[in-house]
Amino acid sequence: MAECHPVGFRWVMAAKERGATIIHVDPRFTRTSAVASMHVPIRAGTDIVFLGALISHVIKTESYFKEYVLAYTNASTLVTEEYKDTEDLDGLFSGWQEGKGQYETNSWSYEGSGTSGMHESHRVPESHAGRAADLEAEKVKAHAKDATLQHPRCVFQVLKRHFQRYTPEMVEECCGISREQFDKVTDALCRNSGRERTTTFCYAVGWTQHSAGVQFIRACSILQLLLGNVGRPGSGILALRGHATIQGSTDIPTLFNLLPGYIPMPAARTDTSLEKYVDNYTARSGWWTETPKYIVSLLKAWYGDAATADNGFCFAHLPRLTGDHSHMTTVVNMADGEVKGYFVMGENAVVGSPHTGLQRKGLRNLEWLVVRDFPMVETAEFWKDSPEHERGEVRAEDIATEVFFFPAATHTEKDGSFTQTQRIVQWHHSAIEPRGDCRSELHFTYHLGKRLKELYAGSADPKDRPIQDLVWDYPVHGEIEEPRAEAVLAEINGYTVADRKPVSSFTELQKDGSTVCGCWIYSGIYAGGINRAANRAPATDPNDPYHYGHNWGFAWPANRRILYNRASADPEGRPWSERKRLVWWDEAKQQWTGYDEPDFIKSRPPGYRAADDAQGLATISGDDPFLLQPDGKGWLFAPTGLQEGPLPTHYEPLESIVQNPLYGQQCNPVRFEYDRSDNQLARPFADPRFPYILTTYRLTEQHTSGAMSRWLSWLAELQPAMFCEISPELAEERGLQNGDWATISTARAEIEARVLVTERVRPIKLGRRWAHQIGLPYHWGNRGLVVGDSANELIAFSADPNVTIQESKAMTGDIRPGRRERRKVVAKQRVNNPDEALRDLPVAQKRPVGKHHVYGPLSRQGDQT
Amino acid sequence: MANGFFTDTSLCIGCKACEVACKQWNQLPDDGYHFTGMSYDNTLHLGASTWRHVSFIERPVALNGQDAGAFSWLMSSDVCKHCARAGCLENCPTGAIIRTEFGSVYVQPDICNGCGYCVAGCPFGVIDRSPDDGRAWKCTLCYDRQKDGMHPACAKACPTESIKFGEVEELKRVAKDRVEKLHQQGVTEAYLYGEDARSQPGTAGLNAFFLLLDRPEVYNLPPDPEVPTLKGSKSWISAGLAAIGVTALAFVSVVLGNRSEKESS
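One line per chain: the protein sequences are A and B, in this order. Per this note's numbering, the first sequence starts with residue 1, numbered consecutively. Per this note's numbering, the second sequence starts with residue 866, numbered consecutively.
In short, the hints are calculated from the structure, not lab data. All values derive from a computational prediction rather than experimental measurement. Honestly, I wouldn't trust all of these hints.
[Claimed, not checked] The calculated DSS-like cross-link candidates involving lysine-lysine, where the alpha carbons are at most 30 Å apart (straight line), are: (1) Lys1099(B) to Lys16(A); (2) Lys580(A) to Lys1046(B); (3) Lys293(A) to Lys511(A).
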């Protein structure tokens, strides 16, 4: 966190100054470790074993927050009789479908309810609406429970059994963390959780960029729910986002399968009309019963007067999903000549995205490419110079892709907003006009839209109606005709159609077309016509009585600073403790009140219980703090929404140095592999060609692919060369000298890097053997003030099945002294790996491989930061 | 009244924001793009174009209060100390180096003639001549920003408040409290470097002083710095005495020589 989020880390340092214990779990000793109370080195990719052992410890020692767990989680809910755990099936759950390479998930349900199973339109895991709707929730309220938590099929017992083999000994053998250190962590964690104290977890891509990354975070959420560390001050799981507004780019998504506000993008086959769509994505209980209001208000925002109740509010104009259009799948389609054009805006794909060789192959097969960035980044000049050019494999004159480069304005040259890690939207004002031809994204997109509308204005072809009907009328100002960003914000906030008065909250939105709202979760950001994102009163402001900073920016939803804060009070609505008081029920006023905006229906008393026939928001009982879930509870066991099972399970990375010590199943069975000759994998484990673990990361001094830092002397000089970090022991083993060159190879490619020998990288002890990890920052390319190879050359296309993110935090490779070969290499033939079978149990080996979008369920493109 | 820095290395996370903010504000050039292989330090030391510099010290010694094996990584942002008695200032023959109204030591670039005497006068090796125009450059304690009531760029940019800017006497109080607190938290190695004339007579105390976690040498700081001019009067007297002695000796030898010549003749 100190490395990549130094500004956010100031609060960690402030907490440390006040006596907080900071534990840093990371394969390397980084700048964070340098100031942490404890550094716990871990083998990359084994976090579920570590977290699972913590869960198991908390359960076995009864250190969990009993009242919280019983009242606010699904611990007491019974699971179906058909459910079989990984304990029973050696690493697989019940419902494995040999022929499809996926699970049939009915058996993962609560007893007495049922999910709609493989209904494709629901399988958008990151869409809350889709997930909530997936539970046949009429029955959710009636599902069987055992408040004693003793029933063998209650979630608590299932959880206990599932994690029983995640022991401190297993942590020692699998993660390389000593028993002594593990005990210190459990001690600190349990001492600092419960009624009086809370613990928070921070994570970033060290958890997400794995073949089961989503389950890493699931494991943490189980642990935090058990310890009562959700919805309370100083608790929670903080996802540290990698850029200034990556959070914003998922809220109002750049993702192919979501609409703004975590509403699913319609699927071609199942969502053929607004009625069907609404039926598919409206939950029977919980907050997602409100879906129709949000989709209709969104359609009104986009299609205005053309959107009427009679035409389904122009629902037919929305694009439909016909398959997986995630980043990596699109790139392989590009490489196969199936994609004509590509917009790359603010991304430097041939440095910052996985398998840069394959990225360039994709670009070479396009008809046209648009790049918007500050400098001429590697992606804009891939045709001119690349490792393939250097090796003589391609020539510039043979590449037909037409490249359009548009210089971009910086954030100081444009109005707009950043949404940060804590969901706080912060406005930034333009300080100067952009120079020359530089323009903001807003300018580019708006004027591109204007031209498209002009182009299609006279068309009678029905397929052009979406462009014709689109409302595209933001006011512009100045010589360069910059659209007013606040006009976009006003639309995002929403307003009533009749008088264009801004709504003050999403609770005012309607499903009859009388309201407009561009993104329901942001509603309230422009309440009263005031740009709340521009508020700048810090938490220390004397007018901020509780010092939660409510007048600094706007935190979605409803300027709430801590989500699910109903859970900070007990079921009766009293704070769990004075020390951790946040939100409570005011009996006199008959409403929820407190230091934060209550994350609950304000007037709903704690004693309210939903009737069996309740509808809409009436289904939310007074003790259901997790009101977006159809059952209102925190999910220790996830009956729906995840591809690889209801509980996190340790699978080894696709390339590992060891066999999975927990199960016969080596890798995540539902992973996506792109099985292609240009995307080879090493043996699943113990490949003699690749004996070391590689992991990639960022440095403070450079920013991602370097487009914003490698062209700037003040940053470039601070980390002027690609380097690898290795332990003194590995240096000795391979004859590597500090400051010299080394070549690092994987099954895909080789790169060269300067050697930094450091004790910050330690060999780790796994059982009776020692393992070496090699650290690789990834900021360099062949353009800019400082150049070097990109670590992303080494990474395979492979994907977590829930969010299609690549596994770049753990893979295997080799290292040798000297610089890499610059000669042409003979085109690699696809090597049929005789050991491929080792990757899986026999039953999972039969999963189909190939272009995964043919077989794979719909998935969301993971944001890569 | 003097303003200065208190650099608390126990809070430094090595982000180098100070180095970058300094270079941006003062529009300084790069030092060249050299991979040094010395931890994360690629600018190595203070100089004409680097007025804040973060050093990274990997040491095979555990830090008290930290559980990370027999290893720790110290980081420290070095800067001109703006010594209460500044060697550079006292050595400057042209009057280019002055003490400002903020108590800082400032090189006036329009007066500096590049003689380099100041370079020899600094016991910390801070001030440096630029290779292009030969003039001497160093931290100005953001004189221009202070004139406008702003804090120096480095302190403003520091995310963890490792660099604190303010009135030196106030900073000393903060620093002493901080040391005490660290000692209570078990970080018993924390101490202040150069906070006053008593602890560092050779400079009469530093307006930019430090909280360190190991011996000064580990941070590339002299353990007992002394401005050369401190012993100036003593040196001049000694030199004078020596000159008188040599003159006397010469005179005597000439007189005696004459006499013996006469005697021999």
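These are the hints, each one checked on the structure:
no. : hint                    : verdict
1   : Lys1099(B) to Lys16(A)  : violated, 50 Å
2   : Lys580(A) to Lys1046(B) : holds, 25 Å
3   : Lys293(A) to Lys511(A)  : holds, 4 Å
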